[in-house]
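All chains, please: the whole structure from these sequences, using the hints.
So the sequence shown is numbered by our numbering: it starts at 1 and just counts up by one.
Please keep in mind that the hints were generated in silico from the structure rather than gathered at the bench. Be careful, since some hints might not be right.
[To be verified] Estimated spans, in silico, between C-beta atoms of each pair: (1) Gly149 x Thr219: 28 to 34 Å; (2) Gly209 x Ala36: 20 to 26 Å; (3) Thr146 x Ser223: 36 to 42 Å; (4) Gln155 x Asn57: 36 to 42 Å; (5) Ser148 x Thr80: 38 to 44 Å; (6) Arg242 x Thr219: 20 to 26 Å; (7) Phe212 x Ser138: 34 to 40 Å; (8) Gly48 x Thr250: 33 to 39 Å; (9) Gly149 x Ser54: 40 to 46 Å.
Here a beta-carbon is modelled for each residue, glycine too, at the ideal position from N, C-alpha and C.
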Amino acid sequence: MTRTGTSLRRLLAATLAALATAAAGLVATATPAAAATTPGIDVSHYQGAINWTSVRNAGIQFAFIKATEGTSYKDPRFNTNYVAAYNAGVIRGAYHFARPNISSGAVQANYLASNGGAWSADSRTLPAALDLEANPYSGGYCYGKTTSGMRAWVQDFLNTYRSRTGRYAVVYTTTSWWNQCTGNWTAPWANHPLWIARWSSTVGTLPAGAPFWSFWQYTDRGSVAGISGGVDRNYWNGDRSRLIALANNT
Numbered sequence: 001m002t003r004t005g006t007s008l009r010r011l012l013a014a015t016l017a018a019l020a021t022a023a024a025g026l027v028a029t030a031t032p033a034a035a036a037t038t039p040g041i042d043v044s045h046y047q048g049a050i051n052w053t054s055v056r057n058a059g060i061q062f063a064f065i066k067a068t069e070g071t072s073y074k075d076p077r078f079n080t081n082y083v084a085a086y087n088a089g090v091i092r093g094a095y096h097f098a099r100p101n102i103s104s105g106a107v108q109a110n111y112l113a114s115n116g117g118a119w120s121a122d123s124r125t126l127p128a129a130l131d132l133e134a135n136p137y138s139g140g141y142c143y144g145k146t147t148s149g150m151r152a153w154v155q156d157f158l159n160t161y162r163s164r165t166g167r168y169a170v171v172y173t174t175t176s177w178w179n180q181c182t183g184n185w186t187a188p189w190a191n192h193p194l195w196i197a198r199w200s201s202t203v204g205t206l207p208a209g210a211p212f213w214s215f216w217q218y219t220d221r222g223s224v225a226g227i228s229g230g231v232d233r234n235y236w237n238g239d240r241s242r243l244i245a246l247a248n249n250t
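So, in structure tokens, the structure goes:
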């Protein structure tokens, strides 16, 4: 989602597309037209000023909004976007771009929870998302961590976020990053909703052990009224009533 990693993500997307083609017929996939899906977006300050009323009128029903990154960065448009989305009737959630090589998972989970990523049962606030993807900075694709080290970091983040908010965080990732950097770890999918990133017409292979996807980021070049330029487009794997149920933890 972070635009600093665009070139890496496009290379990764191409690789994933090739792998998915090779595996066709062996895995369950879904197209946007094949299931009851609910349209959404994810945004950060890169989208500039957003007219959230126009976004909602265009049929967008949810949005993940960048809140924090690492241990000290807060998106300068987060506060405005988070409130305006809510007021327009868009179900919103915060997301945190993970920097596993600069602090513990607990430190970053607390930073998120203290800077907009907390939760309230108001029918329009989703549990926050942990954005785990290829490192766009120095330090290596997996942030210099072993698979066991990455598992420990992610678990530390997820445990701390749940302790702070009472909710299981959403996990955003790609199949290739997850399988490589966590060593095909399956434990989080028992409780944490999967937000899969794959820019294609099909979801493709899911991360190891994931029984289904909850959110799917299917393009980074979407167009939505109220937003100038391209925007990430997503689907929720269900109807709006089920999305509200996730928001309310019911």
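Outcome of the hint check:
Hint check: glycine 149 to threonine 219, Cβ distance near 32 Å, so the stated range 28 to 34 Å holds. A beta carbon spacing of about 24 Å between glycine 209 and alanine 36 agrees with the range 20 to 26 Å that was offered as a hint. For the hinted restraint 36 to 42 Å between threonine 146 and serine 223, the CB-CB distance of approximately 41 Å keeps it satisfied. A hinted range of 36 to 42 Å for the beta carbons of glutamine 155 and asparagine 57 is consistent with their spacing of about 41 Å.
Distance hint for serine 148 and threonine 80: a CB-CB separation of about 40 Å, consistent with the stated range 38 to 44 Å. Distance hint check for arginine 242 and threonine 219: the Cβ-Cβ separation is about 23 Å, which falls inside the suggested range of 20 to 26 Å. Separated by about 35 Å at the C-beta atoms, phenylalanine 212 and serine 138 satisfy the suggested range of 34 to 40 Å. The supplied range of 33 to 39 Å is met by glycine 48 and threonine 250, whose beta-carbon atoms lie about 35 Å from each other.
For glycine 149 and serine 54, the hinted distance range of 40 to 46 Å is satisfied, since their beta carbons lie about 44 Å from each other.
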